[in-house]
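For the protein sequence lines, the chains are S and B, in the order given.
First residue of the first sequence? That's 1 in our numbering, and the numbers climb one at a time after it.
First residue of the second sequence? That's 1 in our numbering, and the numbers climb one at a time after it.
Calculated directly from the structure, the hints in this document are not laboratory data.
Among the clues, some could well be false.
Partner residues aside, some chain S positions facing chain B, computed with beta carbon under 8 Å [what the hints assert, rightly or not]:
1) 2
2) 90
3) 93
4) 135
5) 137
6) 214
7) 229
8) 232
9) 263
10) 296
11) 358
12) 460
For the chain S half of the interface with chain B, some residues (derived, Cβ under 10 Å), not all of them [said to hold, decoys possible]:
13) 92
14) 309
15) 311
Backbone N, C-alpha and C fix where the C-beta goes; we use that ideal spot for every residue, glycine too.
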Amino acid sequence: MKIGLIGNPNVGKSLIFHQLTGIGVEVSNYPGTTVDLFSGTLCYRKERIDLVDLPGIYSLEGKSPEEEIVRNFITGEEVEGLVAVLDATHLERNLYLLLQVAEYKKPLVVVLNMMDEAEKRGIEIDREKLSSIIGTEVIPVTATQGKNVGEIIPAILFRSRTPDITIPYDLHIEAAIRTLVSVHGISRVVALQALQGMVDDPGIAESAGTLAREIEEVHRMSVQQIIAGNRHRCARVIAEKVIRKREEVTAGSLDTLLTSRVWGPVILCAVLAAILLSVFSIGSYLEAFLVGSFESLIVQPFLSLGLEPLPEQIGLAILLALQAGLGIAFPFIFTFYIFISILEDSGYLTRAAFLADSTMHRLGMHGQGIIPLILGFGCNVPAIMGLRLLRTRRERVIASFLVSMIPCSARTVIIAGIVAVFVGFGAALSIYVITFGLIILTGIVLSRITPGERYGMILELSPLRVPEPGNVLAKSWYRIREFLVIAMPLLVAASIVLGLLQYIGFFSLFAELVAPFSETILGLPGYAASALLFGILRKEMALETLVILSGTADLASVLTAGQIYVFAVVSVLFIPCISTMAVLARVVGARITFFVSLYTLILGVCIGALINILVV
Amino acid sequence: MKTSAGEDILEAACLLLEKEKSIPTVRKVAGRLSEDEDRVRKEALELEKGGFLRLEEGDIIELSEKGREAGLRTIQKHTVLERFLSEILGMERAAASEEACILEHDISDETADRLEGFIAVPRGRGRRLQRGRRRLLTLADVPEGTDLRVVTVRCRGGYERLADLGILPGETIRVVHILNHKAVVVRVKGCDVALSPEIASSILVERLQ
Numbered sequence: 001m002k003i004g005l006i007g008n009p010n011v012g013k014s015l016i017f018h019q020l021t022g023i024g025v026e027v028s029n030y031p032g033t034t035v036d037l038f039s040g041t042l043c044y045r046k047e048r049i050d051l052v053d054l055p056g057i058y059s060l061e062g063k064s065p066e067e068e069i070v071r072n073f074i075t076g077e078e079v080e081g082l083v084a085v086l087d088a089t090h091l092e093r094n095l096y097l098l099l100q101v102a103e104y105k106k107p108l109v110v111v112l113n114m115m116d117e118a119e120k121r122g123i124e125i126d127r128e129k130l131s132s133i134i135g136t137e138v139i140p141v142t143a144t145q146g147k148n149v150g151e152i153i154p155a156i157l158f159r160s161r162t163p164d165i166t167i168p169y170d171l172h173i174e175a176a177i178r179t180l181v182s183v184h185g186i187s188r189v190v191a192l193q194a195l196q197g198m199v200d201d202p203g204i205a206e207s208a209g210t211l212a213r214e215i216e217e218v219h220r221m222s223v224q225q226i227i228a229g230n231r232h233r234c235a236r237v238i239a240e241k242v243i244r245k246r247e248e249v250t251a252g253s254l255d256t257l258l259t260s261r262v263w264g265p266v267i268l269c270a271v272l273a274a275i276l277l278s279v280f281s282i283g284s285y286l287e288a289f290l291v292g293s294f295e296s297l298i299v300q301p302f303l304s305l306g307l308e309p310l311p312e313q314i315g316l317a318i319l320l321a322l323q324a325g326l327g328i329a330f331p332f333i334f335t336f337y338i339f340i341s342i343l344e345d346s347g348y349l350t351r352a353a354f355l356a357d358s359t360m361h362r363l364g365m366h367g368q369g370i371i372p373l374i375l376g377f378g379c380n381v382p383a384i385m386g387l388r389l390l391r392t393r394r395e396r397v398i399a400s401f402l403v404s405m406i407p408c409s410a411r412t413v414i415i416a417g418i419v420a421v422f423v424g425f426g427a428a429l430s431i432y433v434i435t436f437g438l439i440i441l442t443g444i445v446l447s448r449i450t451p452g453e454r455y456g457m458i459l460e461l462s463p464l465r466v467p468e469p470g471n472v473l474a475k476s477w478y479r480i481r482e483f484l485v486i487a488m489p490l491l492v493a494a495s496i497v498l499g500l501l502q503y504i505g506f507f508s509l510f511a512e513l514v515a516p517f518s519e520t521i522l523g524l525p526g527y528a529a530s531a532l533l534f535g536i537l538r539k540e541m542a543l544e545t546l547v548i549l550s551g552t553a554d555l556a557s558v559l560t561a562g563q564i565y566v567f568a569v570v571s572v573l574f575i576p577c578i579s580t581m582a583v584l585a586r587v588v589g590a591r592i593t594f595f596v597s598l599y600t601l602i603l604g605v606c607i608g609a610l611i612n613i614l615v616v
Numbered sequence: 001m002k003t004s005a006g007e008d009i010l011e012a013a014c015l016l017l018e019k020e021k022s023i024p025t026v027r028k029v030a031g032r033l034s035e036d037e038d039r040v041r042k043e044a045l046e047l048e049k050g051g052f053l054r055l056e057e058g059d060i061i062e063l064s065e066k067g068r069e070a071g072l073r074t075i076q077k078h079t080v081l082e083r084f085l086s087e088i089l090g091m092e093r094a095a096a097s098e099e100a101c102i103l104e105h106d107i108s109d110e111t112a113d114r115l116e117g118f119i120a121v122p123r124g125r126g127r128r129l130q131r132g133r134r135r136l137l138t139l140a141d142v143p144e145g146t147d148l149r150v151v152t153v154r155c156r157g158g159y160e161r162l163a164d165l166g167i168l169p170g171e172t173i174r175v176v177h178i179l180n181h182k183a184v185v186v187r188v189k190g191c192d193v194a195l196s197p198e199i200a201s202s203i204l205v206e207r208l209q
């Protein structure tokens, strides 16, 4: 039996989902998109239930990938029931989506979440009345305390009913629906979608288009607006009938402070700086521990096996890739995700996006664009995945350039590991300054030259809440798993290729070939150029390879301070790592990925050469 | 008894009298209807029995009061149907007229009147809305803490999210925050929604007293 959880964003859907399914959750990408679908199985009285946590949406009839997925899901044959999760504190707004869901006539159970908060605010909801209006069972739930969550599954299994509420639409819309239904033999839902331009059949699309144009002419409003208006009115009428006491919500003093004109940006910068600092301190501590124990417990024993050179090389390559993945994934990315999930669940991330809107405008994006950019500091891979938050391709293209240039935790390892140690702290900071300067310049230029429509920011500020530790951990865990699934196979494959190249002596050849170039332009010895090549696999591998190829960990004895500085700048700037390229290709396509790689390669070499000429 | 052919004759005769100010004859009516003169004459004799008209010397058709009324009624039905088919349903004018010629005979008086009302009312509604517009404010022009009613959302296409969140003509909203570059936070239906400046400036509002 397949059941879907449906609801607005921030109604506690995921929390209910995690409480119902526990561990053993599958994350799948819906075919052709990057939207996550979480599904889990559970058993109730020997009945196997597949529960799917659908992405949070405001409407079933939009064109965003999330909305399309949810629509496809609930029109699918195999779906046997839906659990609609509503936020009891914002009932009227949530009813809007519920009314749309009801039109699909699937067996339904309505869950009123956040009952405790509603009670605190003095909101009383007449559940029996709501239940009789909608025609389905209504279950009051407080998911944060796990209260009544257990009622949901028996209700959907044994007592789910098809909702029998019909939204009264404007008479022109109703007339057009009747016309379409009788002429084309389609259902009411499909007719409504057709009127809003969401139908594939050319015949239906044509007659619906004609009807819609006439209605728009008469009403001087778009059909979407009329339909939305009717639904909102219906939602309001229901809300007025079932809510006994209503209280005007006033913004808390904390919220006023967080979004205030003066303090908002200051707090935002402080929060971001604090997160980056703690991620790096926690991350580097954990990384040293993990990489060290991996080295002594697995790599060293493997090397002491005394295998043939070729198998040893391949085995070592695989182990190095695993070490790289674990060394970065867990310490840095997982820690980072925990912080991001806290920001997200507390509702602060949406406020950050609002505050950043004006700055992001100059970079050709909107406030939401700051989220992938922040994610990029942890790791570019999830940040690129986060580009789906952006609505237009134009913004995604600009953001994919900028995110690929953000100094991720691996690049920070290079900056901190060699520049801060061998050149000085100021020099390390100056690399950040150079990188940020280039990101801003790139953004300003791209915002001028990138074609495509602009789309404004329409973002609901989710209510401020104390994040639920379990939910934060679960979220971080699913995200890190997503990273491992995408990045790990690539790391292993690329590592094997590089290992084989090393085995056949490609690198000494490469070093010889590239030496004249790298010596004259960048002022770096040939082996440093080979080390840079390893950076494609994983950024801080450039550093490790450099140590191996130069034969000493004390780089200051073989390279000058200038050379170390140039090496770090080039490896930070040039070509995103292979995992980043892989997700880039998935999110924005191969062409843009190629341009991003080419641009960063040229930028890295040029800036390196410039520094070499000017400073060294 | 009126038949549809009879109604056509009354309609044509009426049109000749009222619009062209010429005296209707069997020949002229037959010409208008692209019909055979003999058949028109035969039908006119039937109408004469029903008291709708009198056939005078030289095939002149003289309409009685009853015949004039019936003719005008058919013309009205024809016009209403033609307008409905072309203006509401979007058919070509010529095709709509042809279709109206067929439908006008079967449609009841009540349906015709209701159709006429249906075509007329929404237009009036639209005009009233326009007249009521005085000084137009946008969401970007008002200070924090103002209660507003949305008048129009000018941006079209791709902005359905606004409607989904409840930012629609007629809805009351409050401006909660404004940043320096005119990005705003509005409260609508108890939820806070952040809008970037270009969207805020395309939402026309009026102050609530």
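Which numbered hints are broken by the structure, listed smallest first? Hints 1, 4, 5, 9, 10, 14, 15 are the ones this structure does not satisfy, whereas the remaining hints hold.
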